[in-house]
Amino acid sequence: MNRRHALRHIALISGGLALIPSCDFSKDDILAAYQNLKVTTSQKVLLAAISDTIIPAGEIKGALDLEVPDFILVMVNDCFTKENQEKFTAGLTAFPAYAEKTAGKKFDALSTKEKEELILNGTKLEGDDTPEGKERGNIAYFLNSTKRFTIQGYMASEYIQTEIIPYSLIPGEYNGAVLISDLQKPRING
Amino acid sequence: MANLNIRSKQERTYQAIVIGSGISGAWAAKEFCDLGVKTLMLERGRNVEHIKDYPTTNMLPYEFPHRNQIPQEIQEANPVISRCYAFREDAMHFFVKDTDHPYVQEKPFDWIRGYQVGGKSLLWARQVQRWSDFDFDGPARDGFAVDWPIRYKDIEKWYSHVEKFAGVSGFKDGIAQLPDGEFLPGYELNVLEKYFAEQLKKHYGNDRHMISARCAHIHGNAEYFAQQGRAMCQNRNLCQRGCPFGGYFSSNASTIPWALKTGNLTLRPDAVVHSIIYDDEKGKATGVRIIDRLTKETEEFYSDVIFVNAAALNTNAILLNSTSNRFPNGLGNDNGLLGKFVAFHNYRARVSGQYEGHAEFTTSGGRPTSGYFPRFRNVYKQETDFLRGYAAGFSASRGSGPDTSGIGMDLKNSLLNPDKYGPWRVGSHMMGETIPKETNFVALDPNQKDEWGMPQLRISVDYDDNDEKMVKDYIEQMTEMFTKAGFTNIQSSDSKQAPGLDIHEMGGVRMGKDPKTSLLNANHQLHAVPNVYVTDGASMTSTSTQNPSLTYMAFAARAAHHAVAESKK
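Chains as they are written, first to last, in our numbering: chain A, 1 to 190; chain B, 191 to 759.
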């Protein structure tokens with residue numbers, strides 16, 4: 001538990017970097033918090049930008065507000081096989097060049113709509129055995145994993161489960177025939 | 191190993207010793223204590239006190255660093271336990287890791303264990319269906335194993351006895367092969383499950399039933415259970431973490447605190463049983479030798495009554511390791527059958543589907559049980575090309591999943607407003623009876639030892655042709671029933687999972703009428719050592735299809751009363 005706490009602190013600090021545009025990234029350190037991955041500070045910033053595109057902030061907080069990038073890296077670091085970790089980091093590494101080649105600009109410089117399109121199309125890339133095909137496969141794997149963990153980390157966050165859609169440890173007596181039309185549907189404005 | 195214990199023999203003498211604090215051992219201890227018998231209960235694992243030692247019980251989903259997933263490193267180091275459905279971040283501390291307690295698999299066998307006070311009673315699926323004479327008659331009628339020395343009438347009142355105290359919810363369904371019991375109000379099936387039950391009546395008359403499964407959860411009579419310090423089940427479905435309400439039955443919530451309250455129980459955790467001591471001169475067992483889990487010191491405890499409830503395969507291991515001049519091959523093992531005729535339940539196959547109807551309905555809240563198919567194959571007579579049959583679980587559910595195909599604000603809106611209902615999903619899994627065979631056995635490994643110097647268990651258990659035919663039949667029959675009910679997108683699968691993952695391993699110390707072909711008599715006493723009783727899964731002559739824990743509880747209570755009656759003679 002102590003190790004994890006320490007990691008969270010480091011992750012918090014590095015996550016904070018993403019919000020300071022003047023920060024100097026010339027020394028692109030490998031983040032020690034994710035010891036099974038060789039993820040650099042700038043790669044984590046990129047991952048944060050991608051997760052922010054997948055679930056952006058609005059009236060309700062977005063993925064970046066909830067430290068989802070750290071959650072993604074914790075899950076990949078702790079719960080992926082070595083092979084899948086390699087695919088994920090290869091995809092992450094290849095993504096900036098892919099963005100430039102496909103969209104004609106650096107990811108940062110794209111509009112929200114362009115970013116969304118790039119990521120959605122990227123999740124649908126199909127790989128094959130050629131070196132280019134492998135790279136496409138890695139990018140798709142990286143983006144799909146990132147999207148899945150962004151959704152999980154966002155929905156299963158303290159903020160969502162306490163303030164937005166409160167989770168109850170005691171769900172109440174079972175009703176096996178509830179009319180859907182009788183259910184109240186509070187619209188939550190994302 | 192030197193016996194460093196200096197406490198006097200008298201201080202280490204009890205009127206009864208129970209080995210194991212799981213579901214059956216704690217029942218034996220509770221009965222003894224209620225009858226005024228000074229009892230020592232030995233448990234190889236650490237103490238787990240009700241509520242106090244349930245560290246995850248009130249944790250929220252976001253408090254688990256991996257949202258309940260087991261990290262890869264742990265999975266890779268512990269492939270066996272990682273295959274267990276309940277081995278998750280919230281309950282992993284109650285399961286034995288492969289690396290801590292190795293064993294030898296002559297054939298693949300997933301041995302799922304819980305080494306702590308309460309054993310697997312903290313982790314069980316809480317399904318409690320009675321056996322009937324269609325089950326006890328099985329071996330004699332169909333010519334396998336040996337005839338059970340008891341019948342339903344011998345155990346009926348003990349089922350009632352344990353059901354009342356444990357708290358069993360269910361309906362009186364009036365089904366011959368699944369006798370009714372002492373039930374608290376049952377949990378209603380949902381609208382689609384009821385529809386399916388009606389369809390079965392329509393297409394199969396009174397031959398096939400799908401009912402609400404009887405479960406060991408408190409669903410009524412709260413005042414009575416308050417005496418045990420337990421409260422109504424809150425439908426949390428987080429049972430494997432340990433229940434702070436005591437809503438489901440476990441040794442920890444119920445029988446152990448009850449027995450402790452009598453003042454007659456001494457609970458000794460961290461006591462790895464080495465063997466049962468047999469006195470050649472006295473011609474009986476006189477005590478139990480343990481190794482302290484932490485200090486590795488040997489200690490002996492003495493009693494005239496010894497109950498072995500270490501969980502099926504470990505009970506075998508203890509008896510096999512209890513050698514003496516009189517019993518060189520294991521305690522009570524004159525016929526060489528100790529460790530043999532091990533069987534289990536066949537949980538390999540599943541069938542799933544969906545239903546487009548009843549689209550206006552969904553469900554709300556939670557419930558601790560689901561649907562249950564009592565066995566319908568070969569009940570009254572042999573009618574298929576395989577022996578015996580299978581029970582099955584069944585459930586229908588309907589969720590409102592969000593559409594996750596989008597991205598950005600669209601995705602966020604969809605996630606926070608999940609109002610798209612898919613069709614009802616239905617699913618079933620088989621619970622097949624397997625035939626005990628001499629070739630399915632456990633033995634002590636002659637060379638490999640564990641951390642305490644105890645021989646490792648070698649397990650050699652496999653499926654046979656009867657099991658393969660049963661898997662095929664279950665898939666065919668369930669597919670047919672689903673089809674007749676109008677379900678669509680019907681899929682079936684055979685996991686080919688190894689025996690053991692069902693966590694219903696049984697036998698090796700079977701009951702029987704004849705000392706030449708069995709180890710235990712009708713009262714659960716070793717034929718050759720009548721002051722040693724076995725009332726856990728090891729005693730099972732055949733397996734039937736029902737989840738076995740209720741039967742072990744009834745066996746333990748019945749045998750404890752027998753032992754007390756014997757001691758008064």
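Treat the hints as calculated values from the structure; they're not laboratory data.
Misleading hints may appear alongside valid ones.
Here are the simulated BS3-like cross-link-like pairs (lysine-lysine), alpha carbons at most 25 angstroms apart as the crow flies [stated by the list, open to error]: (1) 343(B) to 82(A); (2) 474(B) to 228(B); (3) 287(B) to 392(B); (4) 343(B) to 354(B); (5) 61(A) to 610(B); (6) 610(B) to 124(A).
Each hint, compared with the structure:
| no. | hint | result |
| --- | --- | --- |
| 1 | 343(B) to 82(A) | 58 angstroms, violated |
| 2 | 474(B) to 228(B) | 20 angstroms, holds |
| 3 | 287(B) to 392(B) | 48 angstroms, violated |
| 4 | 343(B) to 354(B) | 18 angstroms, holds |
| 5 | 61(A) to 610(B) | 23 angstroms, holds |
| 6 | 610(B) to 124(A) | 24 angstroms, holds |
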